[in-house]
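Enquirer: Protein sequence lines, in the order shown, are assigned to chains A and B. Residues in the first sequence are numbered consecutively from 12, following our numbering. Residues in the second sequence are numbered consecutively from 12, following our numbering.
Keep in mind that the hints were calculated from the coordinates and are not lab data. A quick note: this is a predicted structure, and the numbers were derived from the prediction, not measured. Glycine residues also receive a C-beta, built at the ideal position from the N, C-alpha and C atoms. Be a bit skeptical, because a hint or two may be false.
[Claimed, not checked] The list that follows gives simulated cross-link-like pairs (lysine to any residue, SDA-like), each with its CA atoms no further than 25 Å apart:
(1) B:Lys193 x B:Arg53
(2) B:Lys315 x A:Glu230
(3) B:Lys170 x B:Phe374
(4) A:Lys13 x B:Lys345
(5) B:Lys13 x A:Gly35
(6) A:Lys343 x A:Glu198
(7) A:Lys13 x B:Lys170
(8) A:Lys322 x A:Gly274
(9) B:Lys238 x A:Asn313
(10) A:Lys382 x A:Gly274
(11) B:Lys345 x B:Asn390
(12) A:Lys27 x B:Ala275
(13) B:Lys322 x A:Glu230
(14) B:Lys31 x A:Glu178
(15) A:Lys22 x B:Lys31
[As the list claims (entries may be wrong)] One side of the interface only, derived from the structure: several residues of chain A facing chain B at Cβ under 8 Å:
(16) Met12
(17) Tyr17
(18) Ile23
(19) Glu24
(20) Gly79
(21) Ser219
(22) Pro222
(23) Ile224
(24) Tyr228
(25) Thr235
(26) Ala275
Number of protein chains: 2
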Amino acid sequence: MKNFTYHNPTKIEFGKGKEKAVGGYIAADGVKKVLLTYGSERIKKDGLFDTVKASLEANGIEYIELGGIISNPVLSKVYEGIDAAKAHNVEAILSVGGGSVLDSSKAIAAGALYAGDVWDFFIGKSMITKALPVFDIITLAATGSEMNTYAVVTNEATKQKFSIASEHVYPRVSIINPDLQKSVSKEYLVYSASDVIAHSIEGYFTASYHPDIIASYIETNIATVIKTTEILLSDPENYNARAEFAWAATQALNGTTYLGVEGASYPNHMIEHSLSALYNVAHGAGLSVIMPAWMKWYVSRNEKQFERFAKNIFGKATANEGIEALEAWFDKIKTPTRLSQFVIKASEIDSIVENAYENAKAFGLAEMYTKEVLKDILNLAV
Amino acid sequence: MKNFTYHNPTKIEFGKGKEKAVGGYIAADGVKKVLLTYGSERIKKDGLFDTVKASLEANGIEYIELGGIISNPVLSKVYEGIDAAKAHNVEAILSVGGGSVLDSSKAIAAGALYAGDVWDFFIGKSMITKALPVFDIITLAATGSEMNTYAVVTNEATKQKFSIASEHVYPRVSIINPDLQKSVSKEYLVYSASDVIAHSIEGYFTASYHPDIIASYIETNIATVIKTTEILLSDPENYNARAEFAWAATQALNGTTYLGVEGASYPNHMIEHSLSALYNVAHGAGLSVIMPAWMKWYVSRNEKQFERFAKNIFGKATANEGIEALEAWFDKIKTPTRLSQFVIKASEIDSIVENAYENAKAFGLAEMYTKEVLKDILNLAV
Chain A
12 MKNFTYHNPT KIEFGKGKEK AVGGYIAADG VKKVLLTYGS ERIKKDGLFD
62 TVKASLEANG IEYIELGGII SNPVLSKVYE GIDAAKAHNV EAILSVGGGS
112 VLDSSKAIAA GALYAGDVWD FFIGKSMITK ALPVFDIITL AATGSEMNTY
162 AVVTNEATKQ KFSIASEHVY PRVSIINPDL QKSVSKEYLV YSASDVIAHS
212 IEGYFTASYH PDIIASYIET NIATVIKTTE ILLSDPENYN ARAEFAWAAT
262 QALNGTTYLG VEGASYPNHM IEHSLSALYN VAHGAGLSVI MPAWMKWYVS
312 RNEKQFERFA KNIFGKATAN EGIEALEAWF DKIKTPTRLS QFVIKASEID
362 SIVENAYENA KAFGLAEMYT KEVLKDILNL AV
Chain B
12 MKNFTYHNPT KIEFGKGKEK AVGGYIAADG VKKVLLTYGS ERIKKDGLFD
62 TVKASLEANG IEYIELGGII SNPVLSKVYE GIDAAKAHNV EAILSVGGGS
112 VLDSSKAIAA GALYAGDVWD FFIGKSMITK ALPVFDIITL AATGSEMNTY
162 AVVTNEATKQ KFSIASEHVY PRVSIINPDL QKSVSKEYLV YSASDVIAHS
212 IEGYFTASYH PDIIASYIET NIATVIKTTE ILLSDPENYN ARAEFAWAAT
262 QALNGTTYLG VEGASYPNHM IEHSLSALYN VAHGAGLSVI MPAWMKWYVS
312 RNEKQFERFA KNIFGKATAN EGIEALEAWF DKIKTPTRLS QFVIKASEID
362 SIVENAYENA KAFGLAEMYT KEVLKDILNL AV
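All chains should be modelled from the sequences, with the hints used to inform the complete structure.
Expert: This is the structure we're talking about:
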């Protein structure tokens, strides 16, 4: 195992009704005023917004609202949040929504305490040295943002979907109530399944050394997502399935699955970010298109691990059968596996390659993922 | 899944050479003087002690030594540590050793800031509300104490082996360098394997509801311990096996394997504590005697989970075959499975029962584990 440091200070409040105490969790940190961030009006319709407001008010916490955060969240909205945070001197951010709201909130939290342009953090021009504390109620299980250091934001002007990673943006408290995730559409459920599987396989396949114990944890996360997605598609009210899905999503990207791993990279995310940035496809949908294509291209480079995957996840004998089984499973749950399902034509691949190659540079992977290679991979997704 | 709160603030520094930076980790918290606790003189012979002292000195940290902590650590030594901590106004404890040293250090950390008798915390007469920060270099992978809230100490006067559990005694930083665990004897290696398996199965079998995802993580920990113990018995220098063993030990009792679990209890520990308290047997050795006996007694109460264990750990078809396979594996690695191996006679069981029944009350399990039941279980270990 490779040397590592692990320190994940996020407090998880998991289960039914936990959101009712949100004001108390925030007040325990002495916070008196928050920026309350959210996405659609869904949370106003289903009563969550009222619950949150009541809890904040009961704990004497003022709040400034910032709604309308969209999926594949954009930099302009982050700027708006930073302006609001600064203008109102908020002491923390409370994010109520999915990964897009939370990622925007993390960027706002860092940007609010920075004199320069928050995009500096995304392009590596500056390092995050502090951030406002972030609290969240996560209403979609997918990104794992509720227990990690990451945030991904799209710069609309430059068409760059870039990320930050800083321990300063670990949420202070994350509330995961599986019941609040029941209202997620079937479409977004399967996209989320794809996202969690992508988080799981990136390191699993790309590492130059991967400890068995960590690989087994990852296989548990993948198997859990596969099993619970199937349950939830036919029985959306199944609380325990929803809960296990949510916990697998959190575990898949809270750092634990990368401990002791050597040389992992994120090529699927790297390529998918171009689809999201250029076509605004849902992240998970983009990933289920990229993954089988990337796996077919990559398999010969780490065949043993692909065989392990095939056997332990799908009970298949060969590496290729494992890839086929994953693609077939994506088809079965109806998350896309082909660019054509986004009405993207083969003739557009060149422009995707140009964008993805910029990502490859940002990911430090441009040596392996040349434009030719990116084209080969994308052609496998036609 | 049952509602839960999870917050584990311990920072893990894992890997080769990490102990060299111990002074820096402590200095980062502004600490200027520590109580340096350890057990045997082994750490002086193998150079670890010199490394630690050099790092403390390089960081301007004074230290007061408290050596001679024994396994199955005793209350009198904890008192000695508390006196030393108070007399010298130390600001933190640095534990260099295995679980016994660390558990003693946690008790000292809590006792140093308490006006009353530290034993009050063990018998539930008082609650821990604060503790000195604890840092540690863990030289034996077994108890998981390096990333949890627990400490177990024996009161020699009353023959009670009792525990505390408080978030105030989470270590601040735990250093796990698998290389430092190489000098552990084969005996203690197999006792440690037994201990980690015990931590794994207690909740797994006793819970009234156990999430699949958590059960799978536990199975990974058990399978890892079984595989790496066998490797280490024949190849003690195998770093990756040592590292995976160590990480499985940490994961097995850092709280993650109890999340969402309903109604778990610790009957094997409860009974074993009597063996340790009365006969001073090694904790892991006592556990490998108790576990098969307890499993035979308990199996009909949760047969499905025992079948799952049999299948997923040993590839066996029935619950009883799984129990037999575990007992056979303990025999194979040469950790005891019978009381007679401690030269404890059947005629002594009554006195063990008396002691264990007091534990049962302390564990809140006296209703299920009556004296008759305890006798039945112990008789299965003759």
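Enquirer: Hint check: is the beta carbon of Glu24 (chain A) less than 8 Å from a beta carbon of chain B?
Expert: holds (6 Å)
Enquirer: Holds or violated: are the alpha carbons of Lys13 (chain B) and Gly35 (chain A) at most 25 Å from each other?
Expert: holds (21 Å)
Enquirer: Does the nearest C-beta of chain B fall within a distance shorter than 8 Å of the C-beta of Ser219 (chain A)?
Expert: At 13 Å from the nearest chain B Cβ, Ser219 (chain A) fails the 8 Å test, so the hint is violated.
Enquirer: Regarding the hint that Gly79 (chain A) lies at the interface with chain B, is the smallest CB-CB distance below 8 Å?
Expert: violated (32 Å)
Enquirer: Does Lys22 (chain A) pair with Lys31 (chain B) here, judged by a C-alpha cut-off of 25 Å?
Expert: Roughly 30 Å between the alpha carbons, so the hint for Lys22 (chain A) and Lys31 (chain B) is violated.
Enquirer: Less than 8 Å between beta-carbons is the criterion; does Tyr17 (chain A) satisfy it with respect to chain B?
Expert: holds (4 Å)
Enquirer: Given the hint that Lys193 (chain B) pairs with Arg53 (chain B), test it: the Cα-Cα distance must not exceed 25 Å.
Expert: holds (12 Å)
Enquirer: Hey, Lys27 (chain A) versus Ala275 (chain B), does the alpha-carbon distance stay inside 25 Å?
Expert: The hint holds at about 20 Å.
Enquirer: Is Lys13 (chain A) close enough to Lys345 (chain B), meaning Cα to Cα at most 25 Å?
Expert: The given pair, whose Cα atoms are some 31 Å apart, is violated under the 25 Å limit.
Enquirer: Would the stated hint for Ile23 (chain A) survive a check requiring a Cβ distance to chain B of less than 8 Å?
Expert: holds (4 Å)
Enquirer: Please work out if Lys238 (chain B) and Asn313 (chain A) have their alpha carbons no farther apart than 25 Å.
Expert: Holds. Lys238 (chain B) to Asn313 (chain A) sits at ~23 Å (cutoff 25 Å).
Enquirer: Is the interface hint satisfied for Met12 (chain A)? The criterion is a beta-carbon contact with chain B at less than 8 Å.
Expert: Holds: closest Cβ of chain B sits about 4 Å from Met12 (chain A), inside 8 Å.
The structure fails hints 4, 7, 15, 20, 21 and 26 (numbered hints given earlier, in ascending order).
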